[in-house]
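Visitor: Each chain, written out:
2 protein chains.
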Amino acid sequence: MLITSFEQLTECIKASGKKRRIAVANPSDHCSIEALEMALDADIAELILVGDNTLESKLPEKILASGKAGIHAIDASDADSISAAAVEVVRSGKADILMKGLVNTDNYLRAILNKEHGLLPKGNVLTHLSVAQVPGYHKLLFFSDVAVIPYPTLQQRVEIIKYDLATCRKFGITEPKVALIHFTEKVNEKFPNSVDYVKLEEMAANGDFGPVMIGGPMDVKTACDTHSAQVKGISSPVCGDADLLIFPNIESGNTFYKTITFFGHATIAGMLQGAQCPIILPSRSDSPESKFNSMLLACISA
Amino acid sequence: MLITSFEQLTECIKASGKKRRIAVANPSDHCSIEALEMALDADIAELILVGDNTLESKLPEKILASGKAGIHAIDASDADSISAAAVEVVRSGKADILMKGLVNTDNYLRAILNKEHGLLPKGNVLTHLSVAQVPGYHKLLFFSDVAVIPYPTLQQRVEIIKYDLATCRKFGITEPKVALIHFTEKVNEKFPNSVDYVKLEEMAANGDFGPVMIGGPMDVKTACDTHSAQVKGISSPVCGDADLLIFPNIESGNTFYKTITFFGHATIAGMLQGAQCPIILPSRSDSPESKFNSMLLACISA
Numbered sequence: 001m002l003i004t005s006f007e008q009l010t011e012c013i014k015a016s017g018k019k020r021r022i023a024v025a026n027p028s029d030h031c032s033i034e035a036l037e038m039a040l041d042a043d044i045a046e047l048i049l050v051g052d053n054t055l056e057s058k059l060p061e062k063i064l065a066s067g068k069a070g071i072h073a074i075d076a077s078d079a080d081s082i083s084a085a086a087v088e089v090v091r092s093g094k095a096d097i098l099m100k101g102l103v104n105t106d107n108y109l110r111a112i113l114n115k116e117h118g119l120l121p122k123g124n125v126l127t128h129l130s131v132a133q134v135p136g137y138h139k140l141l142f143f144s145d146v147a148v149i150p151y152p153t154l155q156q157r158v159e160i161i162k163y164d165l166a167t168c169r170k171f172g173i174t175e176p177k178v179a180l181i182h183f184t185e186k187v188n189e190k191f192p193n194s195v196d197y198v199k200l201e202e203m204a205a206n207g208d209f210g211p212v213m214i215g216g217p218m219d220v221k222t223a224c225d226t227h228s229a230q231v232k233g234i235s236s237p238v239c240g241d242a243d244l245l246i247f248p249n250i251e252s253g254n255t256f257y258k259t260i261t262f263f264g265h266a267t268i269a270g271m272l273q274g275a276q277c278p279i280i281l282p283s284r285s286d287s288p289e290s291k292f293n294s295m296l297l298a299c300i301s302a
Numbered sequence: 303m304l305i306t307s308f309e310q311l312t313e314c315i316k317a318s319g320k321k322r323r324i325a326v327a328n329p330s331d332h333c334s335i336e337a338l339e340m341a342l343d344a345d346i347a348e349l350i351l352v353g354d355n356t357l358e359s360k361l362p363e364k365i366l367a368s369g370k371a372g373i374h375a376i377d378a379s380d381a382d383s384i385s386a387a388a389v390e391v392v393r394s395g396k397a398d399i400l401m402k403g404l405v406n407t408d409n410y411l412r413a414i415l416n417k418e419h420g421l422l423p424k425g426n427v428l429t430h431l432s433v434a435q436v437p438g439y440h441k442l443l444f445f446s447d448v449a450v451i452p453y454p455t456l457q458q459r460v461e462i463i464k465y466d467l468a469t470c471r472k473f474g475i476t477e478p479k480v481a482l483i484h485f486t487e488k489v490n491e492k493f494p495n496s497v498d499y500v501k502l503e504e505m506a507a508n509g510d511f512g513p514v515m516i517g518g519p520m521d522v523k524t525a526c527d528t529h530s531a532q533v534k535g536i537s538s539p540v541c542g543d544a545d546l547l548i549f550p551n552i553e554s555g556n557t558f559y560k561t562i563t564f565f566g567h568a569t570i571a572g573m574l575q576g577a578q579c580p581i582i583l584p585s586r587s588d589s590p591e592s593k594f595n596s597m598l599l600a601c602i603s604a
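First to last, the sequence lines map onto chains G and X.
Start counting the first sequence at 1; every next residue gets the next number (the working numbering).
Start counting the second sequence at 303; every next residue gets the next number (the working numbering).
Chain G on its own, in the form it takes in the complex (with noise of 0.2 angstroms):
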């Protein structure tokens, strides 16, 4: 079934009958725990709350009751031993997916790639994924890396795209159109980017992605609007009909990101690809409707 809007996707979830178990490291925050309500409303995982000891009691009774969350209490209140704690019950195969609440990311980021202790398999890159359902598309997109790794290698780029892939086709997406963003369609060795594109593209023809279509160097536009690209003469089929977008840094995922949700209307989903499960980690400005889209797209992934 091809999944093309979040409502699509909690259908399916519920009807996948799988309730993944998310760790959530010290859920306290109004924010945090309006999402975990909508997660428990919705019926699609299972909870762990890791915090001290006082965390139950700032926890509203819906969620006590609700048979679907446990408490993981710890005798230490800092942000770095409550996301330690939260990372060892992945580990443990307690949980299936991990999920910021109240800690710093820098806390919950140095649990996570503890060389020991934490999340990440030796040689594994750390990527950020981003869907948006926005008005005016006709699908879902994604994109990356807006939050994570701010100038791709090539190497570092074949595996976002990797892990993009594998995400989109559990969205049913058998060969997603991967638009390579750029801000004119040259390729010029003055922007090293394009030329990485190219040897994307070879290795696409080579059938190193699987079954996918990829373009460009092109610009969101092209990459999304179909009459642009007829202006342009630009006859790819990834063009008016992008599934993911790769983006060349970190500053034009990022502006395409606050772009697209305060400008477009889009509404968010977010996780961290690459560690041994999906990691939700969300802004601080983040809704709690993209927190709980994002509880959704981790669920899909795990």
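Read the hints as simulated data drawn from the structure, not as lab findings.
Don't take every hint at face value.
Quick list of in silico lysine-lysine cross-link-like pairs, BS3-like style, CA-CA up to 27 angstroms [what the hints assert, rightly or not]:
#, chain 1, residue 1, chain 2, residue 2
1, G, LYS232, X, LYS360
2, G, LYS58, X, LYS534
3, G, LYS122, X, LYS492
4, G, LYS170, G, LYS68
5, X, LYS492, G, LYS115
6, G, LYS190, X, LYS417
7, X, LYS534, X, LYS492
8, G, LYS190, X, LYS424
9, X, LYS417, X, LYS488
10, X, LYS492, G, LYS190
The structure presented is a predicted model; accordingly, all values stated were derived computationally and were not measured.
Let chain G serve as the given structure and place chain X on it in line with the hints.
Guide: Below, chain X without anything else, positioned relative to chain G:
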């Protein structure tokens, strides 16, 4: 008077009584012709239409009979010659603004940048300014540089900001609010532009830019959305109320431009600054309305 929309800008130019003269290089395509008709209808400018001997036959009676459009025909039909002739119309004092019709950007820019017969004074920086009118934002949004300078140096950025501020002030914005865009609000030596931003703020505090408020590094959403800034605890007066966005590089600027037009339904104007006169350089996928808006922008700046 503070101008907050292209409609107001049109009225303001008409009310000023000043008719700018625009030299247009080969306006023989449908899209340019439509933009010129809009300009004549709105009565905002006089036109000097530069092309080969067949140009007149390609123009509609409406333009030819308007009494506000003269033909400047030359005995050559290549893009280099037509571009050079249009530049020469400006240099000889017969036009205040240069505009591109159906000639290639490369040929057009070559004529502008010609050291002997061009329009760029020695030592000047040529840079692009866009202006967006976008649903959901309470005023016009200026931004640079999405087209010409890929990775501005500190000195180039100073020049870009000075040109942009001069134009903002023509719109009645006496103390423009400038957001220095980055993917985070943290300054980090790994990202040299964030360090440059600190220097730009010092210059602003020192009065180098005149009356202005500069904030950053900050992301697009923090610059344009009060709520995001509050969540992040950032209190700059620029947050949620930016007039001008300065992008770190061409990839992020271009992504903003393409995203705000396609997903944000913005209408756009654009021009090059730094030359002897405002220069209109529409992109191939610009609508006639966008070309008309660019004429408005150039008229108020000239």
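Visitor: Which of the stated hints cannot be reconciled with the structure, identified by number in ascending sequence?
Guide: 9
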